[in-house]
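Build out the structure end to end from the sequences listed, making use of the hints.
Residue 320 in the working numbering sits at position 320 of the sequence shown, with consecutive numbering throughout.
If you're looking for bench data, these hints aren't it; they were derived computationally from the structure. Hints are supplied without guarantee of correctness; some may be wrong.
Think about it this way: if two alpha-carbon atoms lie no more than 27 Å apart in a straight line, the pair counts; the simulated DSSO-like pairs of lysine-lysine are [claimed, not checked]:
| # | residue 1 | residue 2 |
| --- | --- | --- |
| 1 | Lys214 | Lys252 |
| 2 | Lys259 | Lys295 |
| 3 | Lys188 | Lys306 |
| 4 | Lys214 | Lys188 |
Label pairs and their calculated CB-CB ranges [said to hold, decoys possible]:
| # | residue 1 | residue 2 | range |
| --- | --- | --- | --- |
| 5 | Arg215 | Cys107 | 52 to 62 Å |
| 6 | Ala45 | Ser89 | 26 to 36 Å |
| 7 | Pro367 | Lys306 | 38 to 48 Å |
C-beta atoms are modelled at their ideal positions from N, C-alpha and C, and glycine is treated no differently.
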Amino acid sequence: MAKANEAIAIRPKRGRLTLLSRRIYNALLYHSQRQGVDEPVYKLALSELIGDARFNSNNTELLKSHLRDMQATTIEWSTSGAGLKRWVSSQLLGTVTIEEQGRGRPCTITWRYPEEIRERLVKPHQYTRVLLEISGQMRSYPAAVLYEIGARYLTSPSRLSMREDVLWWAAVLTGRSDITEVDYRFLKRDVISKALAEIDALCEDFSLELIEHKRGRRIEEIQFRVLPKVQQRLGAADDPSRNVFDLELVGKLIALGIKQDEAQDLYATTDEAQLRGTLEHVEQRLRSQSLPALKSPAAYFKDALKKGYAGVKGAIEVSEPASASAPALAQGRAAPAASGEDRMHRIRELWENDRMQKAKALYKEMPEAMQAEMRSRFETERLAQIATPIARAWRRDGPASRIAGTTFHRWLAQVTWPEEPSDRVLLDFALAQGVAGM
Numbered sequence: 001m002a003k004a005n006e007a008i009a010i011r012p013k014r015g016r017l018t019l020l021s022r023r024i025y026n027a028l029l030y031h032s033q034r035q036g037v038d039e040p041v042y043k044l045a046l047s048e049l050i051g052d053a054r055f056n057s058n059n060t061e062l063l064k065s066h067l068r069d070m071q072a073t074t075i076e077w078s079t080s081g082a083g084l085k086r087w088v089s090s091q092l093l094g095t096v097t098i099e100e101q102g103r104g105r106p107c108t109i110t111w112r113y114p115e116e117i118r119e120r121l122v123k124p125h126q127y128t129r130v131l132l133e134i135s136g137q138m139r140s141y142p143a144a145v146l147y148e149i150g151a152r153y154l155t156s157p158s159r160l161s162m163r164e165d166v167l168w169w170a171a172v173l174t175g176r177s178d179i180t181e182v183d184y185r186f187l188k189r190d191v192i193s194k195a196l197a198e199i200d201a202l203c204e205d206f207s208l209e210l211i212e213h214k215r216g217r218r219i220e221e222i223q224f225r226v227l228p229k230v231q232q233r234l235g236a237a238d239d240p241s242r243n244v245f246d247l248e249l250v251g252k253l254i255a256l257g258i259k260q261d262e263a264q265d266l267y268a269t270t271d272e273a274q275l276r277g278t279l280e281h282v283e284q285r286l287r288s289q290s291l292p293a294l295k296s297p298a299a300y301f302k303d304a305l306k307k308g309y310a311g312v313k314g315a316i317e318v319s320e321p322a323s324a325s326a327p328a329l330a331q332g333r334a335a336p337a338a339s340g341e342d343r344m345h346r347i348r349e350l351w352e353n354d355r356m357q358k359a360k361a362l363y364k365e366m367p368e369a370m371q372a373e374m375r376s377r378f379e380t381e382r383l384a385q386i387a388t389p390i391a392r393a394w395r396r397d398g399p400a401s402r403i404a405g406t407t408f409h410r411w412l413a414q415v416t417w418p419e420e421p422s423d424r425v426l427l428d429f430a431l432a433q434g435v436a437g438m
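Written as structure tokens, this is what we have:
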């Protein structure tokens, strides 16, 4: 997909964009470009959009809420030439229609782009080739944004991104329009550093380096340098010391009741051995028959991690901590509580991850001949449809590749258990996993 550079670093003027909003927008743009710039209206089966965006839900109300977010987001273009300067501010997405034609008939979605920017979006002169399957593997909104920026500047001579002030970057990296003041320490700690760690773990083509520009002692502007990973990939594809996300460990943190984003943040910023030790301690505490039941395993875990209870005898008797809110990144409106639709989407993501891990374990238990058969079937049914870098990683490393392995195990889960889960199945899964706050 060729994505216009101006549509990568989007700074919303009102409302808020989410990771799912960005995935949906990229999928819409991909299909718009396939249908052509001459089409005034674009049309697609809703099921195809859901699959490409990894929406993983048939709840159209949740989809509609993300589409509204995109319609409330503006995009700006500035062009100049031959003595003429032109500034355009427009909606990110125009009119959208979802037609549900009744039982047994496919649902469709149609959409438009504002006429002033349609050609720039659908047939950009300057663009970055953003791959749906790779950007879709990013687990946080800041990482998805930085991945696209990195892909944009990977081929530029300087490999340096745009240089902007801290407030601008805060809005772009969080998708928020209500940020009026930023404490850079929190922005760097809670947003930038974690996103950089996620890209380093999941992206095989490049990593990013933060560059800070000071005025006196104050950091006022930042930008990023793109660092290609060619040499690193050649010699370190199987190095176990590399920073690779352990989804199983993250899943265990979520099962304690820690929100998915927070669990991923903890994984990205905490020593893995310390996380495992603390998790083992909390699991031991949960199994204890002589102590009162924990009211909040998540709060207990965070307090135990902070105080270093992992591996310390007697620490199990420590009482539960009082909950405390994390420092705010910036001054602005408080984030709204998760809706029922959002909670169901989170449960569905956990269910998908659990199923993929089971497929991975199943593959390891297969006889070698059956493994070879599944790899051959994957190459026949799926390989031609995936992005070139992922296909290249598959041919080089097979299921051992971080990026191609995820695609393979997700495919294996789908062909092994093709049934779609009902809401009841998802809720039973959440209860069985002990997922709190859902």
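Consistency of the hints with the structure:
no.	hint	verdict
1	Lys214 / Lys252	violated, 41 Å
2	Lys259 / Lys295	holds, 16 Å
3	Lys188 / Lys306	holds, 20 Å
4	Lys214 / Lys188	holds, 14 Å
5	Arg215 / Cys107: 52 to 62 Å	holds, 53 Å
6	Ala45 / Ser89: 26 to 36 Å	holds, 32 Å
7	Pro367 / Lys306: 38 to 48 Å	holds, 46 Å
Of the hints listed earlier, the one the structure fails to meet is number 1.
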